[in-house]
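Given the coordinates of chain A, work out where chain B should sit on it, guided by the hints.
Number of protein chains: 2
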Amino acid sequence: MKFVEGKHVVYSFAPDMQAVLTVDDGDIVVFGSNDCFFQQVQSNNDVLDRIDHERLNPATGPVFVKGAKPGDLLKVDIMAIDVLVDQGVTAVVAGEGSVKDEVEHNIVRVIPIVDGAAEYLGLRIPLKPMIGVIGVAPSDADGPCPTNTPYKHGGNMDTHDIRKGSTLYLPVRQEGALFALGDCHAIMGDGEACFTGLEVPAQVTVRLSVVKDTVSNWPILETETETMIIASAPTLEEATQKSVSQAVGALAKVLNCMWEEAYILASLVVDVRISQVVDPLMTVRAVVPKTIATTEQILNALK
Amino acid sequence: MKFVEGKHVVYSFAPDMQAVLTVDDGDIVVFGSNDCFFQQVQSNNDVLDRIDHERLNPATGPVFVKGAKPGDLLKVDIMAIDVLVDQGVTAVVAGEGSVKDEVEHNIVRVIPIVDGAAEYLGLRIPLKPMIGVIGVAPSDADGPCPTNTPYKHGGNMDTHDIRKGSTLYLPVRQEGALFALGDCHAIMGDGEACFTGLEVPAQVTVRLSVVKDTVSNWPILETETETMIIASAPTLEEATQKSVSQAVGALAKVLNCMWEEAYILASLVVDVRISQVVDPLMTVRAVVPKTIATTEQILNALK
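Chains as they are written, first to last, in the working numbering: chain A, 1 to 303; chain B, 1 to 303.
Pulled out of the complex, with its shape left as it was, chain A reads as follows:
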């Protein structure tokens, strides 16, 4: 088991970022992740305007994975997301979120976590921990991607299916992949309506392995029952187009049919789901049930 402490962070997924740890293909690595505010917000009286904005959205890493080369996928098995704190942070900021024009008061709410649930407004809401920021170094052409932004390299995808038991496949663009993660949420709904989840530092355990010679435009997520193509773009419509396009292309290859026939199939069985609407780019996932095509079949279609 190898460890990366939470003090080793980047604020940008850059093509040339410097690894803080090198691991072998198949190694298990534990990351100390920070919350999106780098733990600068601890009470309802803290004011977001007064914290250090140079320290927002830290991602722990990066880790160099031996054998990972451009044209491969980095396979990330999410083995555990341990929330070891007894509170999480949320906030509303005027001009942010899905209903930005109705915000009258900037507020912070620090929410207690008791026995696996958040206690808020008299409700007990069970935790469902997820990873908000997770990615690899982008291509030289895509250039440095700030950690607050999602794109082809992963990044701030804020997709709540990126949780314990899921496997994320990230397109490797640089030697060693250069993997980093952070910004865990103890709870978040599809959309992340107000612009924060329940923000927590966490200890994240993953297995990192290399899938050779498999080229994807976008991150691919495998859950128990589904395979998701996660795409990000300036609008939800563009993100939908990109995620559905890759799903249809893969289905046409798997089923050996016309592209248009696969497009019809997608209309019947693929769910287009919103991940988040509050980051610099919008994130959407096209969800293919494993009863239609397995993740292995979809990955083989990318070889």
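Think of the hints as simulated: they come from the structure by calculation, not from any bench.
Identical copies carry no separate label here, and so any pair may be met within one copy or between two of them.
With a Cα cut of at most 16 Å, we get these calculated EDC-like pairs of lysine to aspartate or glutamate:
| hint | residue 1 | residue 2 |
| --- | --- | --- |
| 1 | Lys290 | Asp271 |
| 2 | Lys66 | Asp24 |
| 3 | Lys128 | Asp86 |
| 4 | Lys100 | Glu238 |
| 5 | Lys7 | Glu54 |
| 6 | Lys128 | Asp271 |
| 7 | Lys2 | Asp77 |
| 8 | Lys66 | Asp213 |
| 9 | Lys100 | Glu237 |
| 10 | Lys69 | Glu175 |
| 11 | Lys303 | Asp213 |
| 12 | Lys212 | Asp24 |
Every value quoted in this text rests on a predicted model; they were computed, and no experiment measured them.
Coordinates of chain B only, in the frame set by chain A:
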């Protein structure tokens, strides 16, 4: 039990449309619904360019419900959607759907239905029948709404949770509500990626009742476990804003908290889901779990 035959159709939800049947508050009504092509497409060789485009998206009705007045909700309990045909129709048209630019061939695929499943590309896909077009007469200000378009009156919402066992609450804008429905899909994924579901005529059984003095901007859907605010707008972002705004307003009243505190709650527990991205307006639903607030509580917040 009362019946409306499928020959009684409208192509526009108009403020002044003429009822073909009058029923009492609480009556059960069976509708003969037509598919979106009015059954003009029956084989893979049919060409959409050559069918009568004046007969697309017919909605059966309208029905006048005694006692329904502007400022009420029409409660529609969906008791059955019986698909009595042995095939459904799908189509791809260049320039339509979520990936419109990649379509090279306009195709029709008529798909057999055998023992409760569609048989397509070697797959068996279980039917999950839903109602695509369902609504009431709009306000005078909103004017006639073509049946291919979703808006505040309902219409072409293409939301697959509008199925047997769900209850839809539609904002009454005209005396008697003037209710109509059509465009059932035997199967459809969130998004309706290619622009058709598995289009079928169906026999739809609903109970129509009046919820007095309850004003909603948008249709509200109740399923076994969730309450959904369904909003439609030119972009998915605007539809998200409208559906989340109404959900947050209701949650603030139910939980007697600040609007901003409810906005935070929505970010944690409300899922924003895409219904469809292929009609003249985009449709999104904000989904509130009943464990957070019951449908009754949300409706009471609108009184």
